[in-house]
Amino acid sequence: MDPLAERAAALNFLRYILRRLAQAALLLGIVIVLQFLLLHLAPGDVADVIAGESQASDPAFVQQLRSELGLDRPLPLQLLLHLQRVLTLDWGQAHSMDAPVWQLIAERLPGTALLMVSALLLAIVLGVAMGMVAALHARSGLDGLISVLALLCYATPGFLVGIGLILVFTVQLQWLPMSGMSSIYGDASWWQRSVDTARHLLMPMLSLSLFYVATYTRLMRAAMLEVLPMDHVRTARAKGLGRWRIVWHHAARNALLPIVTMAGLQVSSLLGGSVIVETIFGWPGIGRLAFEAVFKRDVPLVMGILLLSSVLVLLVSLLVDLIYTRLDPRIRLR
Amino acid sequence: MIPLLKFLAAALTLSASFATLAQEPARGGTLTVALPTEPVHLNSAIDTTQQVKIVAGKIYSGLVKYDLKMNMQPDLAESWSVAPDGRTITFKLRKAVKWHDGRDFTSADVAFSIMKGFGPNNGLVRTTFANVESVQTPDSHTAVLVMRQPAAALMSALPVATATILPAHIYDNTDIRRNPANTRPIGTGPFMFSEWRRGDAIVLVRNPNYFEAGKPFLDRMVFKVIPDTQARGAAVESGAVDMVFHSTVAASDARRLDSLKNLELTTDGYHFDSTVSFAEFNMQHPIVGKREVRQALAHAIDRKFVLDNVWMGFGRVANSPVHYGLRQAHTDSVPQYSYDLKRAEQLLDEAGYKRGANGMRFKLTIDFVPFGDQYPKVAQYVRQQFIQIGIDADVRSSDFATWVRRIWTVRDWALNLSALTNASDPSIGIQRAYSSKNIVPGTPFTNGTHFRNADLDTYFEQASVNTDPAVRKRHFAAIQRILATELPVIPLVAIDQFTITNNRVRNHATLADGVYGGFADVWMAPN
Amino acid sequence: MMSTLPHRLAKSITFMVGAGLLLAMLAMALLGPWLYPQGPWTVVGVPMIWPGTDAAWPLGTDALGRDILAGLLHGARVSLLIGAAATTVALCVGIAVGTLTGYFGGWVDDLLMRLTDAVQTVPPFLLVIVVVLIVNPSVVSIVGAIALISWPTVARLVRAEFMRLRETDFVSVCRLMGMKPARIIFLQMLPNAIPPIVVSSSIMVASAILIESGLAFLGLGDPNVISWGTMVGLGRSDLRAGWYLVVIPGLAIMLSVLALNLLGDGLNDALNTRLSP
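Residue numbers (our numbering), protein chains in the order written: chain Z, 444 to 777; chain U, 1482 to 2008; chain V, 7 to 283.
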């Protein structure tokens, strides 16, 4: 490309990114305010929870708690304070747990990340495999069977899958641990820890990922069906060149874009879905943390988690868009 | 020949089992306990939730312990004496006790803990210890409590769970709620804090300098956070944890687990819990505020059914909010209300609430404490029963904060299903709920019904300062009769909490505070 | 040969199976009050009877002695109603927003799309939990919360359709003729946007049923009605004593979701063949 055109393209790209970031920031602002208002609509506050949980019956105690936590100030003031803190990246102290919000979230983030990424990868791998088989045997009984199987995975509620797995693998066979992320307390080698974590990860990962298998099955199947009748594929096959290589090469290229886009869109759904899976399996992640935090009316903690989730979703969507433009030169940046 | 062999075999087996009985505690091992909720921090002086108490009780010590027969045993205090007028209690403290950071334990720690530690901050025993005017420390191993008035319940509030002795050198002149030692505690107990993996587990290790020589027997304790009820049951069944405490597996599971060879269930060690569940009424409600209506409703609930099917038989039908385990106070000679639907309907008719055209008499909303699996079930059961006698009842489900605010502040409720722990003495656990002096809007677990009865108040006050057990028993009996007649509350079940352990775990229920104690005597038999 | 819509639907296996299953579910819902007029809450027998062991209670009883079959039939009504209601509300709001943004564009489009984006940024299930907890669990709050997370998809769908339709010839002609926007929208454009809406409605009902069951599982269901999700939530605490408590309603949920998806797929195939040349 001629250097002037290249420069123009690069500038265009930069402008696009900046614009998207600005949009994202605005969006985030709206989201924060809406979430704050929503949470404050709730009757009862965390002082009630803390006092209630410890069966403490002292009024001065409760009032003291309330003023310490700043809960008796007027709402607009609380919102402004909150916004100010968010902007300075001070996410505050969790009311219901004795630690700063960011620390609690940071501690749980690796757990959720591990669970979500592995579940997504598994869903993609399974989906791709099933989709390929279905496409290669299109419109046959096998194709129908795979469709139904994928649909069953989608239709079965996540908690049923989780509970079923526990009943079989923990209770009956006693092969897999059913709770937490690790069972090692003390010294152990890196390998031992990894194996231990993997054993704990297996069932939650499966429970979370099955729901998403159907989507990738369809995407891969559709992508392959587009590719199979193409001229150069047919020619290559006629020439006897490695059938699998060609099919795979072209189909994969074709499917990559939709799969990446879909994965990006599903991050939001995965975060929500992790709540149930993390609860069943006692997995230390932010899904479960969010549920507990809402239950305890711990506004700073809930805000922190919702904020983080929103940021994540926005970042992923921006990333997906960027990858999209890179992968598909037909799309021009608006 | 053969009979001789049989005899020898029998003799050998018999002696083997005797040997097991007289077995020496084995040293070492890790005891894993399932925690239903992750604690916020580990300072039981300012927090009385189960999950804090169970961990803190191993790290800290109290002044005394109680065995299952409620005899006082030394803990940090070697001996004690109460003055005849009940206004002075002198504790002689153990010598050569060290905090986990190596500093010496002295009477200054006791003084601090009572006057600035749990005294003002422990919601459950704050009023009990408010009677302490000062703590004198004539020497570093003597602490003298000077009371404004005798506090009959104070002695039973001294174990570690309610009277946690904190290190003055770490907590004095700091904000007790924000002190970092709350999450990395330094105590005098048999176990030291080692590690806290958030969301996962808390690990404690053996204190090699514990003041009871040779103890603890265990090397390590792990408290694993398992929020799901089913997961806890499966964990103790498979051996992933060795202990679940405070009835934190489903009661239906508990019976089944008890029948397994490798598990044991006990209800010992919950004396200081003594929880009774009940249905209480808002005395200011236009309908249930009338005694006749309440008495009618009492006939509509089959408490045996609730005991058998919701609590799976773990407990006894309660006729009084005082737990039957509190022998110094409990009585059953109170007016009782048999399960009789016809009588219930008759009483409602007499109270002026006849069935209307649609068969219903009036509407009623049932609230319940959103804690545990039992109360939603009780709520559904009670609702069905009420519908049968013509009350258009529905159940309202709230989260904890809303429920607390509704019952004690907003007060737009009629009937509330909940439970209250007696602690070790009705003066601590029950007085707060029914004394009209304790009507405090905004504060949970105060007198939420707004029940007022001058006689009751007097009896309570006298019982709390009178140290004569016979006198107290009479007062409590009178209190229970008043409560059963006026019926601001329909007691349901006096709950027996249970602990399920792997049968390798020994000596975990030898103290009255059971799992909430130090576990210095606990050991695990080898496989 | 001109194949009509009903013809194509009848030939589509997916549609027929889906429709069949759904009809079965509806039949369950209708039969419930007729076969079990006393409702699903009445204590009828000994607790924890296993299915198939006692003819009087073919699917057994739960922890308080209530008939599981009664619960299943009554629960069908509630679960399906909640799914349908949530979807209806979501459709109303989504169609309204989509119409406004798709037809008018400009600042209306910008504003409403920002709002839509904001709602979609929060992980849906988390938002549902927050809303339900705040407003206290009840059928109304659950329906509202599910509708809240579902309308953005509908809005985008309608918007896309409208933006496409706006540029077509016949709409341009209508505008040139001076037809009022309302007439154009309701008489010309909406009817054409119906097919994708119908397809996605089916999926939305399925997803609403799944979400409701998830909420109930976490203990956030309405305590006064029994839905399949409620049964799962109630049965969860006695799971080890009787896994049928969770599995039976769980299977019902699965079959409904399956049915609705098959229905949607069948409709999609049938409707799309008509649209494409």
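Everything labelled a hint here was simulated from the structure, so no lab data went into it.
Even for Gly, the Cβ is constructed at its ideal location relative to N, Cα and C.
Accuracy of the hints is not assured; some may be wrong.
Residues from chain V shown here face chain U by an in silico Cβ test under 7 Å; the list is partial [unchecked claim]: (1) Trp-47; (2) Pro-53; (3) Leu-118.
Results for each hint:
1. Nearest Cβ of chain U to the Cβ of Trp-47/V: about 6 Å, under the 7 Å cut. The hint holds.
2. The beta carbon of Pro-53/V comes within 5 Å of a beta carbon in chain U, closer than 7 Å, and the hint placing it at the interface holds.
3. Of the supplied interface hints, the one on Leu-118/V is violated, with its beta-carbon coming no nearer than about 32 Å to a beta-carbon of chain U, more than 7 Å.
In summary, the one numbered hint that this structure violates is 3.
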